[in-house]
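Chemist: Sequence:
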Amino acid sequence: MNKYAVSAIGLLILIGVNGSIWQKEQVLSNGQTVFLTLAPVDPRSIMQGDYMRLRFELESQVRAQLPQDQTENSQGFVLVKLDDKGIAQFINLQTEPTIIEPHTAALQYRVREGKIKFATDAFFFEEGQGDIYAQAKYGEFKVAENGELLLTDLRGEKLIKLNKKALD
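Just so we're aligned, residue 2 is where the sequence shown starts under our numbering, counting upward by one.
Misleading hints may appear alongside valid ones.
List of simulated lysine-lysine pairs, DSS-like, C-alpha gap at most 30 Å [stated by the list, open to error]: (1) K82 x K159; (2) K116 x K162; (3) K118 x K82; (4) K82 x K138.
It is worth saying that the hints were derived from the structure and are not from the lab.
Just so it is clear, the structure is predicted and the values come from calculations on it, not from any experiment.
Sequences and hints are given; from them, build the entire structure.
Modeler: Here it is as structure tokens:
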């Protein structure tokens, strides 16, 4: 391969990576804020450092409504109603991110190896912050129009931001 081909491939890779970053930044800036209630979690991993393994209450409702042929590897959208604080409540499953009412959102989910996933199943935090994040009750997400979710933070009781001041 000549140096022009290598340069062109490198440039295409940079454009692709920067395009992906730009898309995520747009979701963070303009996405709808949605809170998902956490199910019981495990706040540490000795091998990976401090992080919280996440599960969401919404997973059990999605699982109960999944058709039998979609319990291993599939994907779709869950339509949720948002209360006045933005906390999501299950309505139904959809194949497309269709929003029909105000105060609702369509959230993308994936089923992989029988496990339901919303964006991520882990939240990494600074070492020594485990006591703070052990208080987490909600995952804070930004949702794009296409249903893509980005986890931005964890929140405590009454949606308080978790930080050292939250412990005081």
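Chemist: If you check each hint against the structure, which ones fail?
Modeler: none
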